[in-house]
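Colleague: Chains H and U, in that order, give the protein sequences. Residues 7 to 428 in this note's numbering are what the first sequence lists, from first letter to last. Residues 7 to 428 in this note's numbering are what the second sequence lists, from first letter to last.
If you're looking for bench data, these hints aren't it; they were derived computationally from the structure. Do not rely on the hints blindly, as some may be mistaken.
The list cannot tell twin chains apart, which means a pair is met if one copy fits it or any two copies do.
[Unchecked claim] SDA-like, lysine to any residue: derived pairs with alpha carbons at most 25 Å apart:
| no. | residue 1 | residue 2 |
| --- | --- | --- |
| 1 | 27 | 328 |
| 2 | 206 | 39 |
| 3 | 291 | 156 |
| 4 | 206 | 12 |
Quantities reported herein were computed from a predicted structural model and do not represent experimental measurements.
There are 2 protein chains.
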Amino acid sequence: MAPPDNHPASIANQLESLPLKARRALWAELPNDSRGEVLAYLHDDVLQTLLQEMPVEEIAEAAEQMEAAEVADVVAMLSEEAAQEVIDSLSTEDRAQVEMALQFDDEQAGRLLDHEGISVGRKRTAGQVLRHIRARRLPNYTDKIYIVGARKQYLGAVALADILEAEDDVPVGELPMIDNLDQVGPEMPLADMAALFRQKHYVELPVIGPEGIWLGRITLDDAMGVIQDEADHNLLGMAGLDEEQDLFAPVLTSARNRAVWLGVNLLTALLASWVIGNFEDVLGKIVALAVLMPIVASMGGIAGSQTLTLVIRGLALDQVRSDNWRALLRKEIGVAMLNGVVWALAVGLIAWLWFSNPIIAMVIGTAIMINQMVAVLAGLAIPMVLERFGMDPALAGSVILTTVTDVVGFLSFLGLGSLLLL
Amino acid sequence: MAPPDNHPASIANQLESLPLKARRALWAELPNDSRGEVLAYLHDDVLQTLLQEMPVEEIAEAAEQMEAAEVADVVAMLSEEAAQEVIDSLSTEDRAQVEMALQFDDEQAGRLLDHEGISVGRKRTAGQVLRHIRARRLPNYTDKIYIVGARKQYLGAVALADILEAEDDVPVGELPMIDNLDQVGPEMPLADMAALFRQKHYVELPVIGPEGIWLGRITLDDAMGVIQDEADHNLLGMAGLDEEQDLFAPVLTSARNRAVWLGVNLLTALLASWVIGNFEDVLGKIVALAVLMPIVASMGGIAGSQTLTLVIRGLALDQVRSDNWRALLRKEIGVAMLNGVVWALAVGLIAWLWFSNPIIAMVIGTAIMINQMVAVLAGLAIPMVLERFGMDPALAGSVILTTVTDVVGFLSFLGLGSLLLL
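Isolated chain H, as found in the complex (with noise of 0.2 Å):
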């Protein structure tokens, strides 16, 4: 609830808070030189809405205020001629690290790569890597320096701390390295170089390429945008809505997002109507059955719908893992036959209290244990199993669960019913 100001973060938000007309006239308001700094904070789908409107030269001028990877995000959305005008506008130095960062794909660390990173060679002391920083400025997000041979090859880290406590006259390849630094890969995925900062609580991390060579870094900056991303995507991805970022979204692109996820459901709805076609006899005979069918999904579908979540986000930090999935399983079995029982006998007693029979009271009971189990069982494998495959569980998980706790709450529900009251 921050009153507006000037800062790009700000401008950015209200951007994305803006309907598509309203945004496109902020823009228009906005000074040239203050347009890249703003382009910077935005997320890609609100940057697409944008980009679109504005001429090469414009965008090639915001590119000069931008970093080489927030450059690359932008030119990645381009046409391949519009790409090319914009990179070549850059100078020699910016052109060659935005091509660097496109060699690699949206999901690897090498995106993000940092240039501004200090690096010295061993020999260096002290009190000459302090003087280097003062003359180029310190860079944001700077805890250490990395320690590089001849050849950039990367030998360590000092902490910039060291650095400033220091003698003027220690050779840096003398004070203490960092011990148990993490490193990373140009190719490691962005998750894996997310959890390593949100895990360890990094404020920039080195970049080693092949040969052990130093590339550069990945701050904390960078890392937290794509932790934010990877929870936008968790919570949006369970509603189906990954592509749908911007808030207003044109109707037409918005609906067909949402359709497709609607188009999915309603196969998953139409097997469940399948299912209780079977049933017509048993249904036209004991209505009842149609009017408690639905407690008995919707039961199923928040149990497996709760360890669903609990797994995704398990699966996020790396604390679901092959070496503990059964000692989970066991806890969830448990978990569920509790409430299985415990809600088992509490709608048994109002069905039977409802319809003043005693056998729907069973079979709506059992058919309540029964789909606790399997929603349990089901929350607990889907995810795993799609992650073996390489599918994201957030995405596909909720709806393949759904899918399972109504077929079976409908067959185990009506299946019993037929058997014991026909």
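The hints should help you fit chain U onto chain H, whose structure is shown.
Modeller: Quick look at chain U alone, frame taken from chain H:
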């Protein structure tokens, strides 16, 4: 998938991945002098499982290695007596800091106050400041120096980079102050504080108390913890798992937490069943309605949860506000109308082919149209109303939404069915 190492964060992650018994066994093996650091990386729920097993003296020993904010977290989980014992065991300075943190609740920025920030008088020279930093070691997450008056009143902040660049004898008060730097009040809600870091990519921010006194700082490290917790909360909350950050919470605890959610959902399912129960008449005569009715409810639920998720994310990012919800409403209605028509026709056609009855097709098509519109309105209104009344949209939103889409779905479908088919 990083190999296990000795970093406290890695040990913490390993502890969180273990069932209770194995967790306690690993904990018992850890050397005493690394325990404090490990505790600091644990989620609250897991932290509690370990604290329960530790004698107070051991907790006090671990507390020595922790920062004030972390000790405050631990102390808040202990019995009053044990808490006092831990606090009493601290040095005078640490005790004062912990007691200060405990003046604020765990949703306020003051709880995360960091006392390592560097503050200096405006007449100190850059050289003096540099010597000061060298003498006491540059704290982690430092990129600015705070300038304060004689009574510690906050005057502004200077970039560490500017201090390093300045001539030795320039007073820091004459260096350029950072423009528009945000400030944090000790009572600021954590969510607002975290939003500043998330939006503007700060490394640290000053905390200013009553009468403009500089109290200390908040670091990006702590802000990231809050941002992660928020993401966790949004994801887990939507499945009613807010209290279950511990993957291996005891079965009874887990079952109880989830039972609450299952119970709430049972109430909504019963409401839906009651609606259905009012149409026993038509259901007994036209079994096709029982077969098809879950489709209407489930398509509405999906559409509604898509809008709901988008709005919950928008509220969290401060992008859905009173000044733009009308525009969002227009867009979402447009999406609902498009998808309503498309899926009404599709499902209508399928129903026609399946049951060879054009009236059933018309009934289900119309019901789907109605439910899509209601779903989108509910998805937009529910989280905004909850937020207005200070309730948590991520936690209560999806249950209320499903209730609405189930009730409206069954009511419109079976209601129209009664009117047109009996």
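Colleague: If a hint holds in the structure, say so; if it doesn't, say that too.
Modeller: Hint by hint, here is what the structure shows:
no.	hint	verdict
1	27 with 328	between (50 Å within a copy, 18 Å between copies)
2	206 with 39	between (37 Å within a copy, 18 Å between copies)
3	291 with 156	neither (87 Å within a copy, 87 Å between copies)
4	206 with 12	between (33 Å within a copy, 11 Å between copies)
The structure does not agree with numbered hint 3 stated previously, though it agrees with all others.
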